[in-house]
Every structure is written in structure tokens, then in C-alpha cells.
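Chains A and B, in that order, are what the protein sequence lines are. The first sequence begins at 1 in my numbering and counts up by one. The second sequence begins at 288 in my numbering and counts up by one.
Mixed in with the good hints there might be a few duds.
In silico DMTMM-like links for lysine to aspartate or glutamate, alpha-carbon gap of 20 Å or less [said to hold, decoys possible]:
# : chain 1 : residue 1 : chain 2 : residue 2
1 : A       : Lys15     : A       : Glu2
2 : B       : Lys333    : A       : Asp74
3 : A       : Lys110    : B       : Glu348
4 : A       : Lys234    : A       : Glu267
5 : B       : Lys333    : A       : Glu126
6 : B       : Lys536    : A       : Asp107
Which bits of chain A does chain B cover? Going by a derived footprint, with three or more residues having C-beta under 8 Å, they are [stated by the list, open to error]:
# : segment
7 : 47-53
8 : 65-73
9 : 80-91
So the derived list for chain B, only partly shown, Cβ under 7 Å to chain A, looks like this [to be verified]:
#  : residue
10 : Glu292
11 : Lys294
12 : Thr411
Hints listed in this document are in silico derivations from the structure and should not be mistaken for laboratory results. Glycine included, each C-beta is placed from N, C-alpha and C at the ideal position.
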Amino acid sequence: MELSVDRLTKQYGKKIAVDCVSTVMKPGVYGLLGENGAGKTTLMRMLCAILEATAGEVFLDGKEICALGADYRDLLGYLPQDFGYYPNYTAREFLLYMAALKGIPRDMAKKRAQELLEVVGLNEVEAKKIKTFSGGMKQRVGIAQALLNQPKILILDEPTAGLDPKERVRFRNLISDYAAGRIVILSTHIVSDIEAIADEVLLMRKGKLISQGTVPELTKEAEGKVWELAVSPKEAKVWQEKAAVANLRHEGEQVVLRILADDKPAEEAVPCEATLEDLYLYSVQGK
Amino acid sequence: MRDRELKTYLQGSLRQGAAVRIEKKRETVARCRAILREKTVCPAEKRTGFWQFLSDVFRFEGLSIFGLQAGVLLLICTMLGTIKNIIENAPYYIPVFTLLFALAIIPSLMRSQFYKMGEMEAVTRASNVEILLAKLILSGAANLIGITVVLCLILYARQSVGGLGQMILYGLVPYLVCISTILRLIRLRRNEKLSICAVVTIGCCAGWMILANQMPQIYETSATGVWILLLFVFGGFFGREIRFMMERKREGKGYGIIG
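Put together the whole structure using the sequences plus the hints.
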């Protein structure tokens, strides 16, 4: 199975939301990283065929996805970033409703809804109305509905938003287990989630795909550009204005700054190991 | 398709020589493994057809669709029972009655947009076109039942079936005007959605009431030709909207307001 994106572009008036993105995805977990407005959601919506591209095409095993129609949607699981729910449905009814729209026969739908409610830890509240759920619980219902048809291509837009750390770990494990032989594309601002589960990372900026590779490959790009510098609290404020500071921590009287720069920012600065977050921040800052 | 491809490939390999060629054998094994792996990941599952889907939509939406129509029917029955001379002047009121029935289907047609479910539903096998079509079929059926009951009540009260054809025309034309406009608004992805559709329908109701008061001659038998012409015109618009929906379904593209 191969999902190939060929010069995909989306333009809203003069604004280019996605700019000539090309990539090929094979089974594995793909993490989409980029700041707000980088074009991640637009790209995902085009991959789901719910948004028409201004130019370019998406192919699944050489066939254009719109031409595949229902057969493509049958392979697809999607969790939108900002999704709603019918407030009067219980979690179970909601999953059964979504299963009906996905064309899953009733018996199978009941069985699968039960399984998924257990997987996302909502089996004890399955008879409660969704409107009574917390944000994290609603998010878990959303994740469960995306998995109902056992999709071969799973597209998750900000799936960990609103989940507490324990739920995030549970989600990461679920996706890692699920991803075997499937294409999973997820976007998030939580870099550690992507570091933990993504086989490959796609870095987007201003609608363009600026980097693609495995986590070690990408962090290599940021090597030699991450420095630590211990300064006084007063100096720290000056540094924050004049340099890209990824992090700061207090150590006694001093503040240790993590600075992203091509060259050594100060004599006392020491190089340190780059992380994906460093690369992300480095890219976001337009380097 | 895959099985046939594999069979052709294997037959081709056999025809090329009696001896087993190591390279070809390895290739065959690799292809078989890939196919098996794919089948393990996603075994071909049974999917429901359109009629089963329609029955499922009825299961989840039927109560709200038919409940609202029953509410409108009750309101109209109360009007028929309380407003003076309404039975005698029924032809003037028929357009308003059918528009009230049309007004009651808007919440169901716009429900997914109202609750921000459009995007999630559009990615399902059914897609938003089929969901909208299913809701239209169910709403149309509910409208038909409601309008038939109202017409039967009027005919019973009048003790005559005279003018039935005209009354059907007086009901059908404004109904088509209203439904075509709602479908057009959905197609053009107007985000004002529910409110604008409601305004259109209520506006139609008011317009027809004014028309009945100001130009009663259009309800005379001599004007039937005009009504038939209007039926064809707005029937054409309605047909055009349905054609657009079918085209989008065939092309596998999204339809209307999503997200």
C-alpha cells in the first residue's frame, strides 16, 4: 500500500495554505509537525478527500483517491481537529451511528463498538450521554470512531489534544500497536508524542513541506545548532530578545538558556545534543 | 482482481520453462507474502448497501424527522379546527401548510452542520451526499404522509373531492421552491446554514400568504396552466440539485457545508 501525494496545493484567494507538497507514504506512523497555520489540517483534509485541491493529486496505489470514492473512504479513519458530537447520544449510540455511516453491519458494529470502548477506557460510561463527558473523554470517543472500520489509513488531527499524560501514553501505545501494516498520519504540537511513535516526521512551514525523515535523521539536521548558556536572570531577558531560546531553567542564582543558533552565541556557551523539539523550533523560527 | 493477477503471473511463470527458476520463485514468494500480509491487515469486510444504510439513518434520525412532522401536523389540524372559513378557503392555505412541513425538515438536514459533525460524517463510506440523500428521502416520505393527511381532512370536511388536483399543485409548487432553495444553499456551502434556510422558508410562507390575499385570482381554475408551468420550472430546479448531488457522489467529492 502506498499513498502518494503529488504537488498538492491549496489556495484560498491569495493565501496559499498548502504549497506544492509531494511525498510518498508507506505503512508506518507519520508525524506532521508545524506551527499553527502551517497547513497541516488543510493537507489532512485533502488526504481525506473532503477538501478539493487547487492543484495536484493524491494517489492510493496509483489510483486517484476521488476516483476510488467510497472504496477509499472505506479504508479511511479520520479524527478532525475540531469535531462535534450529537449531545443526546451516549458514547455507545454515537459509535453505532458512526458505524452505520461506515457501512458496518449491525452485529459487527455492536461488537466493535464494545471492543473500542474498552480500548479507549470508556466502557464504564458507555451509557452516559456525550454531553456529560470531559474534553479528554470526548477526544477518546473521537479516536474510537476513527478506528471503527479498522482503517488502513488513519488520519488523526491533534489526537492528543485534551488528553492527560496517562491517556496520552495509552493512546501512543494503541497507535503503535495499530500501525502495523497501516498508514497512520497524525499531527500534533506535542513533539514528544511524535518522537515516541512516529517512524517518519514531516515538517511543515507556511504550507511547504520543509523536511521529511526519521527522528534521528531530522535531529541530525539540528546538530551543532543547540547551545546551553548559563547567565544571570537580568542577562537572560536580554538573551531572550536577541536569540532563539528553546528553554530556560533556573540553577541556583543562574539561568541556563537553551539557545538555537547556527554559530556559537557566546564564548561560555556549550554545545548540547539536539532533540526533535529543537529542530521544530529552529524551523519555525525560519532558519 | 488481485487473485486473477496472481494467477496470470503464476501461469506465465510456468509457461516460461519447466525448471524452477530460483529468482522467479523468490519473486513469487515475496508477492504472495505481500498479498497475505495485506489480507491479514484488512480482511475484506462486509459492508451494508444503500437500503440497509437508509434503514440505519431511519433508526437514528427517524424519530426527530417524523416527530417534527407530527408536531406540524398537529398544529395544522388545530388551525383547521379553529380558524373560521379555513376549509372553504383551503386552496389559499395549502401552500402555507406545505411550507410549514418543509420548515420542519430543516433541522434534520442541517443537524450535522449545526453540531459540527459534517467533517467526520463526510469521511465515512456513506459520505455527506448519501447522508443528505437518505435524510431527503425520509423527510420527503414524512412530508408526503403529513400533506396527504391534511388534504384528506380538508376533503372530508368539504365532503367533496373537487379541486383536489389544484390543491396538490398549490402545495407542490411552493414546496419545490423551498426545497430547491435549501439544497442550493447547502450546495453553495453558505455557512449561515440553518438560519438562512429557516428565513427562506418562513419568507416563502409569508410571501404565499400575501399573494393569496392580494391576488386571489391566481387560485382560480383559469390560472391552473400557470401553476403547471411553475411546477415544471421548479421541478426542473429541484431535479438539477439532485443531479448535482449524484454527480458529486459519482466523482467521490464532498458536497455542501463540511465542518
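Hint check results:
Annotation: proposed proximity of Lys15(A) to Glu2(A) is violated, straight-line Cα distance about 30 Å (limit 20 Å). Pair hint Lys333(B) plus Asp74(A) holds up; C-alpha atoms about 11 Å apart against a cutoff of 20 Å. With a CA separation close to 18 Å, the supplied pair Lys110(A) and Glu348(B) stays within the 20 Å bound. For the hint linking Lys234(A) to Glu267(A), the alpha-carbon distance of about 18 Å falls within 20 Å, and the restraint holds.
With a C-alpha separation of about 25 Å, the suggested pair Lys333(B) and Glu126(A) falls outside the 20 Å cut-off, and the hint is violated. In summary, the hint linking Lys536(B) to Asp107(A) is not supported, as the alpha carbons are separated by about 27 Å, beyond the 20 Å threshold. Only residues whose beta carbon comes within less than 8 Å of a beta carbon in chain B count, and the segment 47-53 of chain A has 5; three or more means the coverage holds. Coverage of the segment 65-73 of chain A by chain B holds in this model, with 8 residues showing a Cβ closer than 8 Å to a Cβ of that chain against a need of three.
Closer than 8 Å: that is the beta-carbon criterion, and the segment 80-91 of chain A has 7 residues meeting it against chain B, so the requirement of 3 holds. The restraint placing Glu292(B) at the interface with chain A is violated, with a minimum CB-CB distance near 12 Å, outside the 7 Å limit. The closest approach between the C-beta of Lys294(B) and any C-beta of chain A is roughly 19 Å, which is over the 7 Å cut-off, so the hint fails. The interface hint given for Thr411(B) holds, since its Cβ lies 4 Å from the closest Cβ of chain A, which is under the 7 Å cut-off.
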